[in-house]
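Top line first, the protein sequences correspond to chains A and B. Under our numbering, the letters of the first sequence match residues 1 to 266, in that order. Under our numbering, the letters of the second sequence match residues 1 to 320, in that order.
These aren't lab readings, by the way, just hints derived from the structure by calculation. One thing to keep in mind: the hints can contain errors.
To be verified - Quick list of in silico lysine to any residue cross-link-like pairs, SDA-like style, CA-CA up to 20 Å:
(1) 92/A <-> 11/B
(2) 92/A <-> 7/B
(3) 92/A <-> 48/B
To be verified - Partial chain A-side listing against chain B, Cβ under 7 Å, derived:
(4) 24
(5) 102
(6) 108
(7) 203
(8) 218
(9) 233
To be verified - If you want the footprint, here are the derived chain B segments under chain A, 3+ residues with CB under 8 Å:
(10) 127-140
(11) 215-223
(12) 250-256
(13) 270-278
Beta carbons: idealized from backbone N, C-alpha and C, even for Gly.
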Amino acid sequence: MIVGGAMVVAWLLIALLAPVVAPYDPIKVTVGDALRSPSLAHLLGTDDLGRDVLSRVIWGSRISLSVGLISVGIGFFVGVSVGLAAGYLGGKFDLFVMRGVDALLAFPALVLAIAITAALGPQIQNAMIAIGIVAIPAYARLTRGQTLAIRSRDFILAARTVGCTPLRIVTRHVFPNITNALIVQATLSTAFAILAEAALSFLGLGPQPPDPSWGQDVAYSTRYLANMKWWMSVGPGLAIFSAVFAFNFLGDALRDALDPRLRRSG
Amino acid sequence: MIRYILRRLVLMVPVAFLVTIGVFVLVRISPGDPALTFAGEERDPAAIAAIREEMGLNQPVPVQYVVWLAHVAQGDLGRSFQTHQRVLEAVTERLPATLELGLAALFFSVTVALVVGILSAVKRNSIVDLLSTSITLAGVSFPSFFLGIVLILLFAYVIPGHIFPPGGYVPLAQDVGDNLRRLVLPAITLATASLAVNLRQVRSSLLDVFGLDYMRTARGKGLHERTVITRHALKNALIPVVTLIGIQVGAIIEGAFITEQIFFWPGIGRLAVQAIPSGDYPVVQGVVLVSAFSYMFTTLVVDVLYAWFDPRISYGTASA
Numbered sequence: 001m002i003v004g005g006a007m008v009v010a011w012l013l014i015a016l017l018a019p020v021v022a023p024y025d026p027i028k029v030t031v032g033d034a035l036r037s038p039s040l041a042h043l044l045g046t047d048d049l050g051r052d053v054l055s056r057v058i059w060g061s062r063i064s065l066s067v068g069l070i071s072v073g074i075g076f077f078v079g080v081s082v083g084l085a086a087g088y089l090g091g092k093f094d095l096f097v098m099r100g101v102d103a104l105l106a107f108p109a110l111v112l113a114i115a116i117t118a119a120l121g122p123q124i125q126n127a128m129i130a131i132g133i134v135a136i137p138a139y140a141r142l143t144r145g146q147t148l149a150i151r152s153r154d155f156i157l158a159a160r161t162v163g164c165t166p167l168r169i170v171t172r173h174v175f176p177n178i179t180n181a182l183i184v185q186a187t188l189s190t191a192f193a194i195l196a197e198a199a200l201s202f203l204g205l206g207p208q209p210p211d212p213s214w215g216q217d218v219a220y221s222t223r224y225l226a227n228m229k230w231w232m233s234v235g236p237g238l239a240i241f242s243a244v245f246a247f248n249f250l251g252d253a254l255r256d257a258l259d260p261r262l263r264r265s266g
Numbered sequence: 001m002i003r004y005i006l007r008r009l010v011l012m013v014p015v016a017f018l019v020t021i022g023v024f025v026l027v028r029i030s031p032g033d034p035a036l037t038f039a040g041e042e043r044d045p046a047a048i049a050a051i052r053e054e055m056g057l058n059q060p061v062p063v064q065y066v067v068w069l070a071h072v073a074q075g076d077l078g079r080s081f082q083t084h085q086r087v088l089e090a091v092t093e094r095l096p097a098t099l100e101l102g103l104a105a106l107f108f109s110v111t112v113a114l115v116v117g118i119l120s121a122v123k124r125n126s127i128v129d130l131l132s133t134s135i136t137l138a139g140v141s142f143p144s145f146f147l148g149i150v151l152i153l154l155f156a157y158v159i160p161g162h163i164f165p166p167g168g169y170v171p172l173a174q175d176v177g178d179n180l181r182r183l184v185l186p187a188i189t190l191a192t193a194s195l196a197v198n199l200r201q202v203r204s205s206l207l208d209v210f211g212l213d214y215m216r217t218a219r220g221k222g223l224h225e226r227t228v229i230t231r232h233a234l235k236n237a238l239i240p241v242v243t244l245i246g247i248q249v250g251a252i253i254e255g256a257f258i259t260e261q262i263f264f265w266p267g268i269g270r271l272a273v274q275a276i277p278s279g280d281y282p283v284v285q286g287v288v289l290v291s292a293f294s295y296m297f298t299t300l301v302v303d304v305l306y307a308w309f310d311p312r313i314s315y316g317t318a319s320a
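Let the hints inform the model, and build the full structure from the sequences given.
Here it is in structure tokens:
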């Protein structure tokens, strides 16, 4: 957990301190420095417009992490609200809402994200909304399941007996009891969100040039593969990998620590 | 069992309706006037009005949905704004390439996961186990498009002999050797993420089974270790893997959107991705609809298979 946590904190710090830690301006074109291989002056080399790859990776972390965190926020808020309401209220509301969630699950996640972003227009905000919507079903199902398990427990019955409103019961009594599972889900879905944002950007559906974005920079680098300008792909590619890895690693560790029932053997 | 299948089919109906509504709404909220896009260079207002009339865009939106759904039910997914080709025709033309890539990826992912997963569970904490755990951790986090690029760099450019081409597609009927040579890198790229998940599942479900009483009994009565593993452990441990294969069909469909783009593989994913910038929504809509329905269908088949394999599942009360 320490390794995953440290990597996550490191990426968050890099994103926050991008203006300080980035050695160059990520969008400044310096034609004279074009396509330089990695050196002391440019640790990850430069692209065809002479822009420093390391600086673009550092600034790109802002976009990736903010899309990751905001879209997970959207998925979390909507999914948990829906799950709490469906699980607690039950009946027709549950049946109706969960069919909607099933419909979202009927799409392969990334295909849905691509379709939504394509419909709304290729912009970073739309990528966030799309990934957020895709994240809803996992939270809704998890929350509903946990709420159903808790709904019939004695302390909920006690709360109902003393006259608590349903809203108070779900927010004050149900929600605090399901946070562990939700924290694990949130960490793992941040990893998915970063990967999905990178994929959308790779397909040209994320932030638009010249803004630095990992997925878009990897896509851009493909035109120089045959010329062996490998450093243009490696910097942003490894950045995506390490950020996703960090959240996955942390999520797995949190799962083992917070929820012994989910602990995997081996 | 038949009741269970029927129940699942009935539950699928409202979901399928919601899916069609979702896909329809996505296209309706898209920016731009479909009639103008379809008209292309044509700017005569009368001609555009005629196109709008022909496309039914003057009708109220619910009516447009019903008309569209009726067409979809008859296999008419509309026409591409750009090429004016029938969308269903465009999709079916490219489906064999996507299916070939998907099946190759599935085969690769399942075979490697089984072999490495069994080895790593049997020889726990060995080098193979360590390697498999590392692949699992890295595989789920490695972006497929970056893996594709690394593979292209290595096998098409860096390693002498240019073992595999960097992309492109040759139909199987035209040249089997060239087709397979071009299939290797995209199939590995597409398979890696699901391979990681599979590997983890095979290993952990085998380890779960190893601790059970009947395994001790099998060993206790003097069976050969190989028989214990293949006859007793694998049979039970593989049940969850069946479900996983279903989930991977989804992963493989979505992966195809990316992988086909990197390797210039002319499948339905690339068809959709290329239609996006030009606002060719009927094509995007058609591919998304076909993907969603194939995914729903495979999930259903897998759930039924799972129930069939595992007698502990009660069909009557099995949840949706």
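Structure-based check of each hint:
Using a Cα cut-off of 20 Å, the hinted pair residue 92/A and residue 11/B holds, with the two alpha carbons roughly 14 Å apart. For the proposed pair residue 92/A and residue 7/B, the alpha carbon gap of about 18 Å is at most 20 Å, so the pair holds. Between residue 92/A and residue 48/B the CA atoms are separated by roughly 45 Å; this puts the pair beyond 20 Å, and the hint is violated. Checking residue 24/A against chain B by beta carbon gives a least distance of about 23 Å; that is not within 7 Å, so the hint is violated.
Interface restraint check: residue 102/A against chain B, minimum CB-CB distance 5 Å, threshold 7 Å, status holds. Taking 7 Å as the C-beta contact cut-off toward chain B, the hint placing residue 108/A at the interface holds, the least distance being around 4 Å. Annotation: interface hint on residue 203/A holds; nearest CB of chain B at approximately 6 Å, less than 7 Å. For the restraint placing residue 218/A at the interface with chain B, the shortest Cβ-Cβ distance is roughly 6 Å, inside the 7 Å limit, so the hint holds.
Taken as an interface hint, residue 233/A checks out: its beta carbon lies about 5 Å from the nearest beta carbon of chain B, inside 7 Å. Against chain A, the region 127-140 of chain B contributes 3 residues with a C-beta closer than 8 Å to a partner C-beta. That satisfies the three-residue criterion, and the hint holds. Note: the region 215-223 of chain B has 0 residues with beta-carbon separation from chain A under 8 Å; the three-residue rule is not met and the coverage is violated. Here the region 250-256 of chain B counts 5 residues with a CB under 8 Å from a CB of chain A, which clears the bar of 3, and the coverage holds.
Under the rule that three or more residues need a Cβ within less than 8 Å of chain A, the assignment of the region 270-278 of chain B holds, with 4 such residues.
Of the numbered hints stated above, those contradicted by the structure are hints 3, 4, 11, listed in ascending order.
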